[in-house]
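Participant: Residues per chain are reported as follows:
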Amino acid sequence: MTIEKMALAKAINESLRTALEADPKVLIMGEDVGKLGGVFRVTDGLQKDFGEERVIDTPLAESGIVGTAIGLALRGYRPVVEIQFDGFVFPAYDQIVTQLAKMHARALGKIKLPVVVRIPYGGGIGAVEHHSESPEALFAHVAGLKVVSPSNAGDAYWMMQQAIQSDDPVIFFEPKRRYWDKAEVDKDAIPGPLHGVRVAREGSDLTLAAYGPMVKVCLEAAAAAQEEGKSIEVLDLRSMSPIDFDSIQASVEKTRRLVVVHEAPVFLGTGAEIAARITERCFYHLEAPVLRVGGYHAPYPPARLEEEYLPGLDRVLDAVDRSLAY
Amino acid sequence: MTVESTAARKPRRSAGTKSAASASTTGTKSAASRSAGAAAKKSPGATGGEPELVQLLTPEGKRVKDATYDRYVADITPEELRGLYRDMVLSRRFDAEATSLQRQGELGLWASMLGQEAAQIGSGRATRADDYVFPTYREHGVAWCRGVDPTNLLGMFRGVNNGGWDPNGNNFHLYTIVIGSQTLHATGYAMGVAKDGADSAVIAYFGDGASSQGDVMEAFNFGAVYNAPVVFFCQNNQWAISEPTERQMRVPLYQRAQGFGFPGVRVDGNDVLACLAVTKWALERARNGEGPTLLEAYTYRMGAHTTSDDPTKYRADEEREAWEAKDPILRLRAYLEGANHADEGFFAELEAESEALGKRVRDVVRAMPDPDNFAIFENVYADGHALVDEERAQFAAYQASFADAGEGK
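In the order they appear, the protein sequences are chains A and B. Residue numbering for the first sequence follows our numbering, starting at -2 and increasing by one per position. Residue numbering for the second sequence follows our numbering, starting at 630 and increasing by one per position.
Taking lysine-lysine pairs in the DSS-like style, the calculated list, with each CA pair at most 25 angstroms apart, reads:
#  : chain 1 : residue 1 : chain 2 : residue 2
1  : B       : 824       : A       : 107
2  : A       : 184       : A       : 2
3  : A       : 22        : B       : 824
4  : A       : 32        : A       : 45
5  : B       : 824       : A       : 32
6  : A       : 227       : A       : 251
7  : B       : 691       : B       : 909
8  : B       : 824       : A       : 109
9  : A       : 213       : A       : 251
10 : A       : 109       : A       : 99
11 : B       : 824       : A       : 45
One side of the interface only, derived from the structure: several residues of chain B facing chain A at Cβ under 8 angstroms:
#  : residue
12 : 813
13 : 843
14 : 1009
According to the in silico footprint, chain A covers these stretches of chain B (three or more CB under 8 angstroms from chain A):
#  : segment
15 : 850 to 864
16 : 1015 to 1026
Everything labelled a hint here was simulated from the structure, so no lab data went into it. Glycine included, each C-beta is placed from N, C-alpha and C at the ideal position.
I would like the entire structure built from these sequences, with the hints used as guidance.
Facilitator: What follows is the structure, given as structure tokens:
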């Protein structure tokens, strides 16, 4: 049996297991990734099966985790490091931006840094402060890094395989509120390119572009719009660096309208870049300005307010209506 | 900063011998005994302080015995001693040439290592070919020992690249400018060495200023927790640009190791023989699976922080003059001459070699071409990136638009 239905967290777990089995140079590092299996159990059982030398509980120091992972990569290892929560990555931001992203270029290509930084991200789980953020734009802005986020278990499995095989550093954002969503995983599939867009739903009147946790919301919005006779195409972007603009362009040339949705603040977010580039590429095709739906320019609010802060079905549909009204 | 008190003076033999002896045999325990011997309240170099430091050559070039560390240089030959001298002279000559080249506008910046030759050559010569070195941006002497062509170091200071050499060519990582970051890379690399079951060791260079960085603390801790084969080699040159060591720490730097559970040793950083010996000891510990060691090479930055710096704003000439009396090169020369290990011919020949090196460096730098414009887009990624490809094409079209205009006329 090669097709199995499993939760997104389990799919990543299986993918890590596959990688550990396939390549002795693959290491797992992070806080509580060993016996506990990570606070989300994504690494559950891996230390038991692969040992403490390969599934490494680290001191509680994010910069140290990424900094030593860089050293291990220089020695020929392929570390997959876990940052426990989105809001905890910033102690490591210096090592990621200043060292990890630039080292290949500084050495004129003579060394490679195959490091994967896993970050559970996004809100919607009623968490306390610093546990619900979406900092992907802060990484996508940095040359030398690749930034991806799966929206479903099948992609999570394969994108993790591809991220680990990548010779470039990959920041792997895991949509934590979708960790328990189940979907089919085909371990014998031939996956599409890591940085390619997936058409999650075909439509003709408007394109909704999203990634990670917002793909599900957009699919629900498209289904709701269908009842009103509107045909919405949903793109799962999957990669924030690079962004597959060719596929977005192809969709927009068909639908002539684009709404980009993410949890991260709208201001200078992924949607801003997509709006600018698609406006450049599709100026004569567009029937409406590219609209964006996302978080506000405010700290992530206390959990009791997060439903107002996060883009939900109604806010997405509101943007769809506004676009179609042009 | 009272320089007199930090002079590379004779260590108190009883205290020094006792703690050093325990250091070599009992591993981490030695850190405790060492630290216990020094008053915790005493800041390094405090007036009246008597810094415990390992010394094998006095500033006057007199060989002094050390029960612990002598054995690491016991079989050193006159030829090897002359080699250390040659290394220091040539690396100083290279360094001076680079400073001149900056003054002539050939380099944008230079970070001189003047005064730190003994710390760098002594430690650098202690390493084996299979060891790995993680430098700051001032390890020109260490680079020399590793066989990196000195002209390779100048690319980044001229602005033609941001490093450029192959780190695996000489197991000498790229210069790291952000302070202290490389100590974590060294620790991670050492963790990998241990995983591989190799008996290589790793040495991370950093400075007194860097010792304030969180990354350095984390490197100490990771190194200790994983018992990594890494030597933390701190050149305490007394100044982090304009800030003296009092602004960085309240305990002698080498004593920080104690809190992390591994030994720390202060060595006379202007004594090449002592630096060679303690680094060999620390590397041996690493190879034997005894974990990290912190070495504090007590030295002095004789020049400015970089060619953009003006030390007259913050430190007195007398301080520099006091350290000139402890010059690492003069000290070894006095010893070589006193022991009849080198004759006039050797020094004259070295002088000629030194000038030839200066000329070669000058010629290579002046002939160093600017990179191709498209180098901007090279090696941003190992596996390529659609945006980089797109922007490279846009840049090419933009550049070509000028060529077309020219041809059209």
